[in-house]
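Residue numbers (the working numbering), protein chains in the order written: chain A, 1258 to 1552; chain B, 1258 to 1552.
Among the hints, erroneous ones may be present.
[What the hints assert, rightly or not] Here are the simulated lysine-lysine pairs, BS3-like style, with alpha carbons at most 30 Å apart:
{"no.": "1", "chain 1": "A", "residue 1": "1441", "chain 2": "A", "residue 2": "1516"}
{"no.": "2", "chain 1": "B", "residue 1": "1441", "chain 2": "B", "residue 2": "1516"}
{"no.": "3", "chain 1": "A", "residue 1": "1363", "chain 2": "B", "residue 2": "1363"}
{"no.": "4", "chain 1": "B", "residue 1": "1292", "chain 2": "B", "residue 2": "1429"}
{"no.": "5", "chain 1": "A", "residue 1": "1441", "chain 2": "A", "residue 2": "1292"}
{"no.": "6", "chain 1": "B", "residue 1": "1494", "chain 2": "A", "residue 2": "1363"}
{"no.": "7", "chain 1": "B", "residue 1": "1502", "chain 2": "B", "residue 2": "1292"}
{"no.": "8", "chain 1": "A", "residue 1": "1502", "chain 2": "A", "residue 2": "1429"}
{"no.": "9", "chain 1": "B", "residue 1": "1516", "chain 2": "B", "residue 2": "1429"}
{"no.": "10", "chain 1": "B", "residue 1": "1441", "chain 2": "A", "residue 2": "1363"}
{"no.": "11", "chain 1": "B", "residue 1": "1441", "chain 2": "B", "residue 2": "1502"}
{"no.": "12", "chain 1": "B", "residue 1": "1494", "chain 2": "B", "residue 2": "1419"}
{"no.": "13", "chain 1": "A", "residue 1": "1516", "chain 2": "A", "residue 2": "1502"}
{"no.": "14", "chain 1": "B", "residue 1": "1363", "chain 2": "A", "residue 2": "1441"}
{"no.": "15", "chain 1": "A", "residue 1": "1502", "chain 2": "B", "residue 2": "1516"}
[Unchecked claim] Partner residues are not named here, just some residues of chain B that face chain A (Cβ under 7 Å, in silico):
{"no.": "16", "residue": "1302"}
{"no.": "17", "residue": "1345"}
{"no.": "18", "residue": "1354"}
{"no.": "19", "residue": "1359"}
{"no.": "20", "residue": "1362"}
{"no.": "21", "residue": "1374"}
{"no.": "22", "residue": "1375"}
{"no.": "23", "residue": "1385"}
{"no.": "24", "residue": "1386"}
{"no.": "25", "residue": "1387"}
{"no.": "26", "residue": "1484"}
{"no.": "27", "residue": "1488"}
[To be verified] Which bits of chain A does chain B cover? Going by a derived footprint, with three or more residues having C-beta under 8 Å, they are:
{"no.": "28", "region": "1345-1351"}
{"no.": "29", "region": "1413-1427"}
{"no.": "30", "region": "1457-1465"}
I should point out that these hints are in silico values taken from the structure, not numbers from a laboratory. Here a beta-carbon is modelled for each residue, glycine too, at the ideal position from N, C-alpha and C.
2 protein chains.
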Amino acid sequence: MNGGEGPNSYTHNSKQQRKGSYRAKVLLSNSIQEKLTVENKLNTVLCIADLGCSTGTNTFIAVQNIIEALELLYRSRSRGLDTDQIPEFQVFFNDHSSNDFNTLFKSLPPNRQYFAAGVPGSFHARLFPNSSLPFIHSSYALHWLSRVPIEVMDESSPAWNKGRIHYTNAPKQVGEAYATRFAKDVEFFLSARAQELVAGGLLALFLPAVPDVLSNSDTVIGTELDLLGSCLMDMAKEGLVSEAKVDSFNLPLYYTSHKELKELIGRNEHFTIERMENLNNPKKHVILPKPSMRA
Amino acid sequence: MNGGEGPNSYTHNSKQQRKGSYRAKVLLSNSIQEKLTVENKLNTVLCIADLGCSTGTNTFIAVQNIIEALELLYRSRSRGLDTDQIPEFQVFFNDHSSNDFNTLFKSLPPNRQYFAAGVPGSFHARLFPNSSLPFIHSSYALHWLSRVPIEVMDESSPAWNKGRIHYTNAPKQVGEAYATRFAKDVEFFLSARAQELVAGGLLALFLPAVPDVLSNSDTVIGTELDLLGSCLMDMAKEGLVSEAKVDSFNLPLYYTSHKELKELIGRNEHFTIERMENLNNPKKHVILPKPSMRA
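The shape of chain A in the complex, shown without the other chains (with noise of 0.2 Å):
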């Protein structure tokens, strides 16, 4: 993500995945207080970590709601007992090393009730020790993909996304290599966390999906990235820039639906579901009519 706080950072660009955070609130404050299992000892250090963090201040948001709904835990478990048992929090703020960290730590909220520190690397690959970790979360980031998947770029491959710049539209074999890829990073992102979080802890995960019903071609986000690679398109006939360029440039992200990734968390014998919901943000995915009888 761009780092900084200019006029095209993430920080001022974000608005849409703070939504999500906003309508989230409610959803993790009721699964941690239905599914997580926490220790009831004395002096307890209860760690968190937002995955795919980028600079803020979404992170923010989110960490503070997933705090509150964890000191709520404690209360409502040891209640009349003293205020001492509920833990200190240490949350960890993880996305990969090229992200803008010193923005990220410079924004740190100045009252925050945790210690705070900063995990660099990618959340496809483990990034803290083992059983270390109660609460994990992860929002709008696990659609990126760990890299673009090498067969849309091998101009021998069937799956060559030759003039597009990602699946919406393409032939099918592009459509499934960018899936391909998705079910693996979903497996060792899985594979990571299930040893970092300690048994009875918690998984939460919030991704931008099309809904099952639909092809990516048929939603807003599929459209608005097959009319920017239209656009690239256009730039390459008029020679602004060369179209191998615009051939070999694909965008790393992959929208799943929600009978996808319930089949790829399945998979892993290490998690089960507890909850999936639909976060219903109503811009995001509307259907549109076929492209052929669009205007």
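Based on these hints, arrange chain B on the given structure of chain A.
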């Protein structure tokens, strides 16, 4: 410290501190072998912090030395047992939130055998949860004061440091103001660490100091700072910079002595000094003739 990797960066201007790091290796290793109490249980995570880490590479060398010593400790205590009993390591790199963590994270050793995290904030306050660290290290950092003593910037105070940028060759009130600030900083530092260290944990401190028998004015570093202040005053006399600006500028650096530091640590009820040695960096504190006798 200057961030990035340019010619004026800390990365390319920290050889002096690195010398200290090499010399400290044996001392660190011996202290860990002889003094550190660690739990002998399976699947433990061993957390280490380096306070005042700046941007590398010195911090990576120090951390590697510490981890090698800790591994040796575990191997020697569990001779013949499964190597799985060697814990996983999590290393917290701490410095001010204005530190260039982006450069630090990009420079992390790719084949490191630990999980890395950055912790932004002043080490004169709490940075970590209670009893969460068995080993804390800080090298060439604690001589940086939390702030310039207020009195030395106050025109109405007998400790006003007019015409100088440090306490070298200053009236005794200036030196006393610096010493008082350092004593408070050490108090805050130790008080925070006492809460963060586990019982039986070790705090390894390396800091530049002056020999007990010398005053700061008789050391190379003191003389260098005096010379720098004198140059700024010459520039003020030539109208290149305002004299008021030089008067208001003071370096927040304090060089303690073996005796003084021992006394300050002794005031804290939570720590005992297990070992205190002079690293004998011969170039650092050459005894100079008295200022009046210099050419």
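Contradicted hints - numbers only: As far as the earlier hints go, 4, 6, 7, 13, 15, 26, 27, 29 and 30 are violated by this structure, in ascending order.
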